[in-house]
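Protein chains in written order, with our numbering: chain A, 2 to 327; chain B, 2 to 327.
Just to be clear, a hint being listed does not mean it is correct.
Repeated chains share a single entry, so a pair holds when one copy, or any two copies, can fit it.
Keeping only pairs whose Cα atoms sit at most 25 Å apart, straight-line, the calculated BS3-like set for lysine-lysine is [to be verified]:
| hint | residue 1 | residue 2 |
| --- | --- | --- |
| 1 | Lys13 | Lys168 |
| 2 | Lys168 | Lys16 |
| 3 | Lys195 | Lys314 |
| 4 | Lys171 | Lys107 |
| 5 | Lys92 | Lys168 |
| 6 | Lys323 | Lys13 |
| 7 | Lys227 | Lys168 |
| 8 | Lys145 | Lys107 |
In case anyone wonders, no lab produced these hints; they're calculated from the structure.
Number of protein chains: 2
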Amino acid sequence: MSTIQMLKAAEKRLKGHARRTPMLTSPFLDDIAGRRVLVKAECLQHTGSFKYRGAWSAISALPKEVRRNGVIAYSSGNHAQGVALAASQHKIKAVIVMPSDAPKIKIDNTKALGAKVVLYDRETESREEAAEKANADGSLTLIKPFDDPEVIAGQGSTGIEIVFQAKDLKVRDAEVLVPTGGGGLASGIALALKEYAQLLRVRTCEPQDFDDYAHSLRAGRPVVNKRLSGSLCDAIITPTPGLLTFPILNRLAGPGMVVTEDECLHAMALAFHRLRIVLEPGGAAGLAAALFHGDQIDGDAVIAVATGGNVDKEVFEMALAKFGDI
Amino acid sequence: MSTIQMLKAAEKRLKGHARRTPMLTSPFLDDIAGRRVLVKAECLQHTGSFKYRGAWSAISALPKEVRRNGVIAYSSGNHAQGVALAASQHKIKAVIVMPSDAPKIKIDNTKALGAKVVLYDRETESREEAAEKANADGSLTLIKPFDDPEVIAGQGSTGIEIVFQAKDLKVRDAEVLVPTGGGGLASGIALALKEYAQLLRVRTCEPQDFDDYAHSLRAGRPVVNKRLSGSLCDAIITPTPGLLTFPILNRLAGPGMVVTEDECLHAMALAFHRLRIVLEPGGAAGLAAALFHGDQIDGDAVIAVATGGNVDKEVFEMALAKFGDI
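Working from the sequences, and respecting the hints, build out all of it.
Written out as structure tokens, the structure reads:
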């Protein structure tokens, strides 16, 4: 279980490595939302998403003699790039297991960040089998994407920054809207808020049909989505909450929020015009909830975490074509 | 003449108002440039450009009894929005004189930031006549876009941030590439570097055919461009260097750099993919110089100021269509 002590230790290890991302605002977004909107721009983190924080935290927490043998991770997206960069900065080997039909650009990026990419065929092989082959002698340590105490602790450093940035902007009492897949970031932030700012409260934000956290928080136990793939919000699609993350959010988060894909695309276009940042659809789910579901939010201000900005130009062009006229 | 004391005083007044914009990096950009590239993301400043700094500085420096009567500015672009927001935050009137054929979105934005917009017909009227009418009793103070010591001092706060952020990233000796129109930002930064970091040196960056600074620095006296309009880089198009800014840059800047429009569009696409920020063409001129004219630069690292991100979606789409495949 992640504790506040682990979180504080992770924050200390991340100093000088993770970027302190800015908290952005725009009077135009305030007008749409009907309240002040603060946007924590984690799309500006190294490798374009908050995932770098958890990856660095987990790798830096390994005992030296374990770490030097290298790490392995499964991911076709943001976690892959976070682990690849954090490993290369530690001067250790990273093996990333990716499906052979992953976008070429993501494979290329992960390689360019210094990782060895092992491809597997989704039709004929499981990623676990592929990983076992790549780690035959068992020397590589698996870095999980969310259900790991040190990963949660690393993501929690985002929460500590939010607390102080909100205070600077005179926001003391607000909901913190977090795009949520497995729940690593949301639970890390929730732990930070509990320690430092009890008047700030996490709300998970998910796309329609992939709202396992919303269902699970309502039911009080983990529920599995019926659909497992086929969303523009690929970065935050998981079948069910994590074993470590769900109990934290069940205890500390408010009711889950749900947004449509079109609302995410609309939020991306507004972030382009009003904040001059690039968001991917899943990374815009919190901002979409802030702008278009204000009736479910309490308070004069709201904080939306913009979790990532790794988006193909075609998807970005779609957002501008649909919602870019203002 | 701007002195370092004015600059320090402006920086103090801007504390808690101007955003400390992040210094971004990407290993992919380092690879293209063949050296480390640091990008000062002023597109994330309030109103989407560094202009807010100078506007706030000049307005906050006015004697109270003068300031309370309000301010006036000519601009169809970033300076208009900077003055509008800074004035509304001081709770004073701002009148912005804009050509009636300015993009509707820019007129709407300036109004939405609380300014009174006075339109004039470029065919039948000069902006000075329009301004005279709008300021018949002479009570409004003109806030110039660059040739004003307090504006230069305000823009210089960007330079002070650059010094400390470069130091954090262990960069001591580098050229600082600044997209340059009238030269307010470049001269403010040059003054800051002279005081705090003599191993950092400003280089002006301009689009082809609008390279009055490059010509003027070579000639040692102000030279006027032959072309006066018709560039995608509208934010940094001025006919000739400023009376206050040119002597500063003539003394402190290196040779001027010149980039093409296509290089600016290319830099915008790379900033989209690699930094997840939105740049306008003129705002990307420094990054374009860093990436594509490295042969004219000295040192293991280079700092590019990304000055603004107020771009129409059509121009952004053009950049992605031309250079967005990576």
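- prompt: Okay, which hints does this one fail, numbers in order?
  reply: Of the numbered hints given earlier, those the structure breaks are 3, 4, 6 and 7, listed in rising order.
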